[in-house]
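*Asks:* Sequence:
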Amino acid sequence: MPSQATNYFYTMVAMGAIALMITNAFELHSSSLKATSERQELKRLLETVAAEATELVALTEATNATTKISMQAPQMIGNKRYWIRLVSDSSEAWVEGAFGDPWTGAPDLRVDLPWDVSASGTYKGGYGTLSLNCTLQGADPVLILSRWEGG
473 MPSQATNYFY TMVAMGAIAL MITNAFELHS SSLKATSERQ ELKRLLETVA AEATELVALT
533 EATNATTKIS MQAPQMIGNK RYWIRLVSDS SEAWVEGAFG DPWTGAPDLR VDLPWDVSAS
593 GTYKGGYGTL SLNCTLQGAD PVLILSRWEG G
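Residue numbers (the working numbering): 473 to 623.
FYI, nobody ran anything at the bench for these hints, they're computed from the structure.
Be aware that one or more of the hints could be misleading.
Each pair of labels, with its calculated beta carbon distance range [to be verified]:
no., residue 1, residue 2, range
1, Arg-582, Thr-538, 25 to 31 Å
2, Ala-523, Thr-607, 15 to 21 Å
3, Ala-486, Ala-523, 51 to 57 Å
Cut-off 25 Å, straight-line C-alpha distance, at most; resulting in silico cross-link-like pairs (SDA-like, lysine to any residue) [stated by the list, open to error]:
no., residue 1, residue 2
4, Lys-515, Ala-477
5, Lys-596, Gly-610
6, Lys-515, Lys-552
7, Lys-540, Tyr-482
8, Lys-540, Asn-551
9, Lys-596, Arg-619
10, Lys-596, Asn-551
11, Lys-552, Thr-607
12, Lys-596, Thr-539
13, Lys-515, Gln-547
14, Lys-515, Ile-541
15, Lys-552, Glu-519
16, Lys-552, Ala-530
17, Lys-596, Arg-582
18, Lys-506, Thr-539
19, Lys-596, Asn-496
20, Lys-552, Val-614
21, Lys-540, Lys-506
22, Lys-540, Ala-523
23, Lys-596, Thr-520
24, Lys-552, Ser-504
25, Lys-596, Pro-574
Heads up, the beta-carbon is just placed ideally off N, CA and C, and yes, glycines get one too.
All chains should be modelled from the sequences, with the hints used to inform the complete structure.
*Replies:* Set out below in structure tokens:
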């Protein structure tokens, strides 16, 4: 006949294993929620940059003058570094961004700009204030994203 102490020991081991599984499940769920909220925050930042860029293009076209703004951007989103880039091709322009290094991999998120503009430049989070500059080259607006060089 097994002893009572052995039964208690196996019960405690089983309860410990179940507690470990429950803890891991909660940890996975909270990590998933954190990643989702970080992605949403980056998406909001990209939408803000796209909205400001759209306003700059409209103002530049209306006044035929160079316009420049600076925006405070978070140094990090969550505990992650991020990057934002303006990109254009022959038919459209957009703002893209992701977490990590801007020169490797494909962007996670993309927000289209309503105008066909020439757009370029990269901003890496954590390095100064974000700057948007819009000029006209001929009749075509040119948007440049960079780090603000105060002065």
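*Asks:* For every hint, state whether the structure bears it out.
*Replies:* Okay, the hints, checked on the actual structure:
| no. | hint | verdict |
| --- | --- | --- |
| 1 | Arg-582 / Thr-538: 25 to 31 Å | 27 Å, holds |
| 2 | Ala-523 / Thr-607: 15 to 21 Å | 19 Å, holds |
| 3 | Ala-486 / Ala-523: 51 to 57 Å | 56 Å, holds |
| 4 | Lys-515 / Ala-477 | 57 Å, violated |
| 5 | Lys-596 / Gly-610 | 30 Å, violated |
| 6 | Lys-515 / Lys-552 | 14 Å, holds |
| 7 | Lys-540 / Tyr-482 | 70 Å, violated |
| 8 | Lys-540 / Asn-551 | 30 Å, violated |
| 9 | Lys-596 / Arg-619 | 8 Å, holds |
| 10 | Lys-596 / Asn-551 | 14 Å, holds |
| 11 | Lys-552 / Thr-607 | 32 Å, violated |
| 12 | Lys-596 / Thr-539 | 22 Å, holds |
| 13 | Lys-515 / Gln-547 | 15 Å, holds |
| 14 | Lys-515 / Ile-541 | 20 Å, holds |
| 15 | Lys-552 / Glu-519 | 19 Å, holds |
| 16 | Lys-552 / Ala-530 | 33 Å, violated |
| 17 | Lys-596 / Arg-582 | 16 Å, holds |
| 18 | Lys-506 / Thr-539 | 37 Å, violated |
| 19 | Lys-596 / Asn-496 | 33 Å, violated |
| 20 | Lys-552 / Val-614 | 30 Å, violated |
| 21 | Lys-540 / Lys-506 | 34 Å, violated |
| 22 | Lys-540 / Ala-523 | 14 Å, holds |
| 23 | Lys-596 / Thr-520 | 16 Å, holds |
| 24 | Lys-552 / Ser-504 | 15 Å, holds |
| 25 | Lys-596 / Pro-574 | 7 Å, holds |
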